[in-house]
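K.L.:
Here is what each chain is made of, one letter per residue.
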Amino acid sequence: MGMTMTQKILAKHAGLESVVEGQLIRAKLDMVLGNDITSPVAINEFNKNGFTGVFDKSKISLVMDHFTPNKDIKAAIQCQQCRGFAEKYDIDNFYDVGNVGIEHALLPEKGLVIPGDCVIGADSHTCTYGALGAFSTGVGSTDMAAGMATGEAWFKVPGAIKFNLTGKLGKWVSGKDVILHIIGMIGVDGALYQSMEFSGEGLKNLTMDDRLCMANMAIEAGAKNGIFEVDEVTEAYVKGRTDRAFEVFKADEDAQYNRVIDIDLSTVKSTVSFPHLPENTKTIDEAEALKIKIDQVVIGSCTNGRYSDLETAAAVVKGKKVAKGVRAIVIPATQQIYLDALRNGLLEIFVEAGMVVSAPTCGPCLGGHMGILAPHERAVSTTNRNFVGRMGDTTSEVYLASPAIAAASALTGYISDVQEG
Amino acid sequence: MKAHGTVHKYGDNVDTDVIIPARYLNTSDHKELASHCMEDIDKEFVRNVKEGDIMVANMNFGCGSSREHAPIAIKASGIGCVIASTFARIFYRNAINIGLPILECDEAAKDIDAGNEVEIDFDTGVITNVTKGKTYQAQPFPEFIKEIINKGGLLNSLKK
Numbered sequence: 038m039g040m041t042m043t044q045k046i047l048a049k050h051a052g053l054e055s056v057v058e059g060q061l062i063r064a065k066l067d068m069v070l071g072n073d074i075t076s077p078v079a080i081n082e083f084n085k086n087g088f089t090g091v092f093d094k095s096k097i098s099l100v101m102d103h104f105t106p107n108k109d110i111k112a113a114i115q116c117q118q119c120r121g122f123a124e125k126y127d128i129d130n131f132y133d134v135g136n137v138g139i140e141h142a143l144l145p146e147k148g149l150v151i152p153g154d155c156v157i158g159a160d161s162h163t164c165t166y167g168a169l170g171a172f173s174t175g176v177g178s179t180d181m182a183a184g185m186a187t188g189e190a191w192f193k194v195p196g197a198i199k200f201n202l203t204g205k206l207g208k209w210v211s212g213k214d215v216i217l218h219i220i221g222m223i224g225v226d227g228a229l230y231q232s233m234e235f236s237g238e239g240l241k242n243l244t245m246d247d248r249l250c251m252a253n254m255a256i257e258a259g260a261k262n263g264i265f266e267v268d269e270v271t272e273a274y275v276k277g278r279t280d281r282a283f284e285v286f287k288a289d290e291d292a293q294y295n296r297v298i299d300i301d302l303s304t305v306k307s308t309v310s311f312p313h314l315p316e317n318t319k320t321i322d323e324a325e326a327l328k329i330k331i332d333q334v335v336i337g338s339c340t341n342g343r344y345s346d347l348e349t350a351a352a353v354v355k356g357k358k359v360a361k362g363v364r365a366i367v368i369p370a371t372q373q374i375y376l377d378a379l380r381n382g383l384l385e386i387f388v389e390a391g392m393v394v395s396a397p398t399c400g401p402c403l404g405g406h407m408g409i410l411a412p413h414e415r416a417v418s419t420t421n422r423n424f425v426g427r428m429g430d431t432t433s434e435v436y437l438a439s440p441a442i443a444a445a446s447a448l449t450g451y452i453s454d455v456q457e458g
Numbered sequence: 359m360k361a362h363g364t365v366h367k368y369g370d371n372v373d374t375d376v377i378i379p380a381r382y383l384n385t386s387d388h389k390e391l392a393s394h395c396m397e398d399i400d401k402e403f404v405r406n407v408k409e410g411d412i413m414v415a416n417m418n419f420g421c422g423s424s425r426e427h428a429p430i431a432i433k434a435s436g437i438g439c440v441i442a443s444t445f446a447r448i449f450y451r452n453a454i455n456i457g458l459p460i461l462e463c464d465e466a467a468k469d470i471d472a473g474n475e476v477e478i479d480f481d482t483g484v485i486t487n488v489t490k491g492k493t494y495q496a497q498p499f500p501e502f503i504k505e506i507i508n509k510g511g512l513l514n515s516l517k518k
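Order-wise, the sequence lines are chains A and B. Numbering-wise, the working numbering comes out as the position in the first sequence, counting from 1, plus 37. Numbering-wise, the working numbering comes out as the position in the second sequence, counting from 1, plus 358.
It should be emphasised that the hints constitute simulated quantities derived from the structure, not laboratory data. Everything numeric in this text was worked out from a predicted model, so none of it was measured. Glycine is no exception: its CB is placed at the ideal position from the N, C-alpha and C atoms. Incorrect hints may have been included.
[Unchecked claim] Here are some chain B residues pointing at chain A (derived, C-beta under 10 Å):
no. : residue
1   : Asp373
2   : Ala380
3   : Ser386
4   : Pro429
5   : Ala446
6   : Val488
7   : Thr489
8   : Gln497
9   : Glu501
10  : Ile506
11  : Gly511
12  : Leu513
[Stated by the list, open to error] Label pairs and their computed distance ranges (CB to CB):
no. : chain 1 : residue 1 : chain 2 : residue 2 : range
13  : A       : Arg296    : B       : Glu477    : 31 to 41 Å
14  : A       : Ala113    : B       : Lys468    : 40 to 50 Å
15  : A       : Gly90     : B       : Gly510    : 20 to 30 Å
16  : A       : Gly90     : B       : Ser515    : 10 to 20 Å
17  : B       : Asp387    : A       : Leu327    : 35 to 45 Å
18  : A       : Lys287    : B       : Arg405    : 47 to 57 Å
19  : A       : Ile114    : B       : Val404    : 16 to 26 Å
20  : B       : Asp481    : A       : Asp268    : 48 to 58 Å
21  : B       : Lys468    : A       : Gly135    : 51 to 61 Å
22  : B       : Glu477    : A       : Asn295    : 33 to 43 Å
With the sequences and hints as input, model every part of the structure.
P.N.:
Here you go:
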């Protein structure tokens with residue numbers, strides 16, 4: 038029986054000719070990732086269980102991105118613990134303040150994940166790397182500890198939903214709108230235990246940043262992973278970032294899918310997810326008509342803190358001012374993105390518009406720091422979750438949107454579409 | 359192995375942000391995490407929960423973040439088992455890996471009410487609602503997963 042892209046990668050890493058949906062396997066890992074919140078729990082488990090070595094110091098990434106620069110003493114102690122572990126085991130890919138970026142923007146940028154890899158990360162948005170044609174999925178800290186010790190993880194082979202993409206996105210419409218549209222269609226458990234596999238002739242019209250954003254939010258539909266077929270866009274992105282040869286896995290012609298969904302990209306509109314679930318979507322014209330007044334805008338995160346996201350936001354706010362009463366926070370996802378935005382004048386545009394630019398951090402996305410909401414406040418955010426209390430007080434509200442919509446809303450003070458001219 | 363306790367009942371899509379809000383993730387201390395468990399959807403939970411109690415919810419329990427702090431907080435608060443119609447997949451594997459018993463059973467999840475007294479036999483997967491005098495059959499774990507649980511979690515199972 039034919040296999041999906043995901044099944045082929047898993048079979049290869051399990052040393053098997055083929056696998057079928059539901060099969061339990063042990064697979065070899067190309068990368069094991071943790072951050073400053075999840076790694077301490079993994080390190081405790083690693084030590085408690087008497088492990089004394091890591092499987093491969095070049096295949097572990099520890100990224101201090103969540104509560105950094107440290108927001109309080111406890112957060113500082115957690116980073117201190119990770120730093121000690123990284124030193125003890127001479128971990129190659131330890132990223133701390135000064136070279137750190139948000140993990141899921143950083144690893145692809147550094148070429149640490151390439152097509153065909155099998156990756157686990159103790160962070161649910163590890164599914165981001167599927168954009169590169171890798172199998173990558175979020176796990177917990179115990180899985181991370183086991184992965185660091187043995188270089189393997191157990192998986193139940195998933196079935197898949199195939200998304201057949203056609204057409205081309207309209208102006209100001211991005212990968213964020215496509216994935217919010219899909220989550221609105223299939224629901225927050227619509228892809229539970231399954232892969233979301235993206236292919237079709239429309240793929241060539243999606244940039245790598247669009248794809249990274251879409252794969253990033255596969256978890257918000259309950260998926261085990263999101264994965265894109267490798268094409269010229271992927272190859273151009275990976276070129277120069279790695280010396281490792283990579284293998285491209287295409288789905289078999291006769292692969293079985295639990296569902297096939299056709300998406301014509303030209304029909305997707307800018308989309309906003311209303312509180313308190315990512316599936317509560319409205320198109321921007323429906324949302325705009327409700328005249329929802331906002332207090333804060335966040336442009337950043339592992340979902341939308343990449344260069345093209347900042348470029349879009351800058352194009353919207355250039356020469357204009359943020360509305361009175363709105364606090365607008367821009368967070369470049371990595372030091373490289375920060376530097377590029379600085380050199381190309383984007384940061385100047387943001388500051389002149391009355392926005393604040395932060396160092397790379399996950400910060401406000403998960404209600405950590407750098408932009409917490411007070412009771413009953415509302416934010417338009419380019420992040421990935423709008424659960425109760427996600428960004429602050431339990432009565433605050435988060436509206437998920439693209440960088441274009443977030444920037445446009447910052448200018449009007451209401452959830453708004455981009456005003457041309 | 360059996361569990362027996364009073365039920366704390368929740369709805370669909372209980373996410374890990376409400377199980378343990380990120381503002382408390384600056385620690386990995388189990389008791390401290392437990393002291394904030396479910397705080398953002400049920401402020402009374404921490405006060406009311408007793409050792410051995412059962413948590414019951416509907417669809418997609420534990421969705422969102424991969425934080426293992428969520429099953430840790432539930433386990434450390436004394437909960438003996440979580441029953442749900444479905445679990446989000448990362449929560450599911452985290453619970454198995456740390457030894458928090460969980461069962462998927464749509465019928466039980468829908469029928470059991472808050473405050474019911476429930477008994478669970480993990481060997482047979484039979485859930486007994488003592489209050490209502492009803493029984494429900496949960497899906498038993500595959501052998502592979504039973505082995506992880508029987509050996510006391512993933513890391514113990516890896517020891518030679």
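K.L.:
Run every hint past the structure and note whether it holds.
P.N.:
Going down the list of hints, with the structure as the test:
no.: 1; hint: Asp373; result: holds (5 Å)
no.: 2; hint: Ala380; result: holds (4 Å)
no.: 3; hint: Ser386; result: holds (5 Å)
no.: 4; hint: Pro429; result: holds (8 Å)
no.: 5; hint: Ala446; result: holds (6 Å)
no.: 6; hint: Val488; result: violated (30 Å)
no.: 7; hint: Thr489; result: violated (29 Å)
no.: 8; hint: Gln497; result: violated (13 Å)
no.: 9; hint: Glu501; result: holds (9 Å)
no.: 10; hint: Ile506; result: holds (8 Å)
no.: 11; hint: Gly511; result: holds (7 Å)
no.: 12; hint: Leu513; result: holds (4 Å)
no.: 13; hint: A:Arg296 x B:Glu477: 31 to 41 Å; result: holds (38 Å)
no.: 14; hint: A:Ala113 x B:Lys468: 40 to 50 Å; result: holds (46 Å)
no.: 15; hint: A:Gly90 x B:Gly510: 20 to 30 Å; result: holds (22 Å)
no.: 16; hint: A:Gly90 x B:Ser515: 10 to 20 Å; result: holds (19 Å)
no.: 17; hint: B:Asp387 x A:Leu327: 35 to 45 Å; result: holds (43 Å)
no.: 18; hint: A:Lys287 x B:Arg405: 47 to 57 Å; result: holds (55 Å)
no.: 19; hint: A:Ile114 x B:Val404: 16 to 26 Å; result: holds (24 Å)
no.: 20; hint: B:Asp481 x A:Asp268: 48 to 58 Å; result: holds (51 Å)
no.: 21; hint: B:Lys468 x A:Gly135: 51 to 61 Å; result: holds (52 Å)
no.: 22; hint: B:Glu477 x A:Asn295: 33 to 43 Å; result: holds (36 Å)
Hint compliance for this structure: hints 6, 7, 8 are not met, and every other hint is.
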